[in-house]
Amino acid sequence: MNSIMYDTYTIFWRELKRYKKSRSGVLIRLIQPAIWIIVVGNIFSETQPLIQSVGFEGEYIEFMAPGVIILTAIFTSIFGGVNTLWDRRYGFMNKALTSPISRSAIALGKMSAISLIAALQASLIIGIALAIGVTFPNPLMIIPIMGIVILFSLGFSGISVTLAATAKSQETFWGMINLLGMPLFMLSPALFPLELLPNWLAVIAKLNPVTYTVLLVRELMTGVSEGGVPILISIAVIFAFVIAMVAIASYVFTREVNKPF
Amino acid sequence: MYSIETKSLTKSFGDLIAVNDVSFSVEKGEIFGFLGPNGAGKSTTMMIFTTLLKPTSGKALITGFDVMKDAKQVRENIGFVQQETTVDEYLTGRENLLLQAKLNHIPKNEINQRIDEVLELIELSDKQHQAVVTYSGGMRKRLDIAGGLLHHPKVLFLDEPTVGLDIQTRRKIWQYIKKIHIEFEMTIFVTTHYMEEADNLCDRIGIIDGGKIQVIDSPQNMKNALGNEIISLSIENNANHDSFLVELKKIEFIKKINEDNSKLTLFTSNGTEVIPKIFQISSKLGIKITTISLTQPTLDDVFISYTGHEIRDDNSKFNRKIEHAKMKRLRA
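Each protein sequence line maps, in turn, to chains G and Y.
Note that the first sequence covers residues 20 to 280 in the working numbering.
Note that the second sequence covers residues -1 to 330 in the working numbering.
Fair warning: there could be bad hints in the mix.
DEER-style ranges, computed between Cβ atoms [unchecked claim]:
hint, chain 1, residue 1, chain 2, residue 2, range
1, G, W193, Y, Q81, 19 to 29 Å
2, Y, E194, G, K278, 35 to 45 Å
3, Y, D164, G, S22, 36 to 46 Å
4, G, S188, Y, D124, 34 to 44 Å
5, G, P279, Y, I255, 36 to 46 Å
The hints are simulated quantities; they were obtained by calculation from the structure and are not laboratory data.
Beta carbons are placed, not taken as given, at the ideal position from N, Cα and C, and that holds for glycine.
Can you make the complete structure from the sequences, with help from the hints?
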């Protein structure tokens, strides 16, 4: 057990080193969520009456800011697994596989690094949100929010590592990511309240872990509870999602890397 | 106990048998060269030894541990330097070695000293804090080799360590390998396509072709087995061609004759005595010799005499089923 922690940390350390060295990557990953919050946040500012109808008093941009924080977390973490493919292509994976560290430690190290990176990116977006006038009624809430973002990103990094381990080519991987990422984001109350969705869509949205994360972060950020989901339920859903994804990713990764690439 | 021991080792991918009933062993402290044409089964064998592939049947023991049952112990006892350079470009040389040290569970208090030691050995101490992106191909390769040594493995696997490097760098890498061998007294298992390299470096050589070991011996013995001289001659086509060959075979010093149309290669000893006899036979049969030369055999000649061709890409007949199995293996 001790050694799996040490090995996980080794891989985690390596992934973070690589992240730190790619400064342009940090900025590039910020562009898309920044566009969402600045452009889309302003385009939809006239929809304030709609969100007021579900009991939300503030500006639209304050309503959607938690959605964009989660968007950043989703996309940073779901893209994060791609270097698994590079590692297999360029031999780092074989180097790790022929050393005494365990296979699941490689997967766990990657996932924890991805989730931390996603949280760092999300915190930069929170900074942008603050800069363009989004307010926090209670600034201390940033701590539990970051906790939730890290946890949630861990789940999504599990999806990413699973897909990267099974995909044989970059094309397959990117195809799968696009197939998953956008719908999961759209089918959540990230941009509009759950109450405004048609019934059948609301049912699908309620099966989506992103929904619970957005509701939870929004409640912590703005103090407005929406959608009638208790905080504890949201937390339980997120935990279940993360545990399931991490377990699946470790299992699939270990199975797949034992096959020749 | 042998460093490497295989018993009827076999690996097949569908219909394709990549390694076919291979049994051999490598002594502790040996530098063992593993040669063969492309697609002969070298890489597959190496991947089985380094626990990246599981054999279909048979056994492979590395320092006494079974690659299937005791994979973890095998990994603790081996170093593996892959053909492609695998260092992280954005990390510095030292960071790369630190990563390798952690992957191999080197105790924390020894890590720095070990890294200094190998950096010294491969003469990269002065460049250790530069990102690998600034290194030349040869420097990257040296760093890769250093990474394989850090944990003082009992067996070091080198897959084509000098491929794609210029001749100066290649020589330098050989020197490092020899130095490593002396300093750490480890067994080294190396695959290469450069015969000169194998000849220079290896205590013993195994030649594999078609998934089977063709011969294992020291380079010198292999060359001696062919006779210590080679006579190459070209003759003009003549009706007496076949009887010429029959007569040549009667000369006692000639060990083997390879024939390629009008060109004959005779593996022999006492070449200076054989040449006059060849002329006597040819004038008796009225055969005109256009050129003749006497040379020492090289390992290239040994290789060709066992594999039948020079190193080549697989040029056997196209077989849809086998090609399909290969593609599947690439994708799998």
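Status of the hints after comparison with the structure:
| no. | hint | verdict |
| --- | --- | --- |
| 1 | G:W193 x Y:Q81: 19 to 29 Å | holds (28 Å) |
| 2 | Y:E194 x G:K278: 35 to 45 Å | holds (36 Å) |
| 3 | Y:D164 x G:S22: 36 to 46 Å | holds (42 Å) |
| 4 | G:S188 x Y:D124: 34 to 44 Å | holds (40 Å) |
| 5 | G:P279 x Y:I255: 36 to 46 Å | holds (42 Å) |
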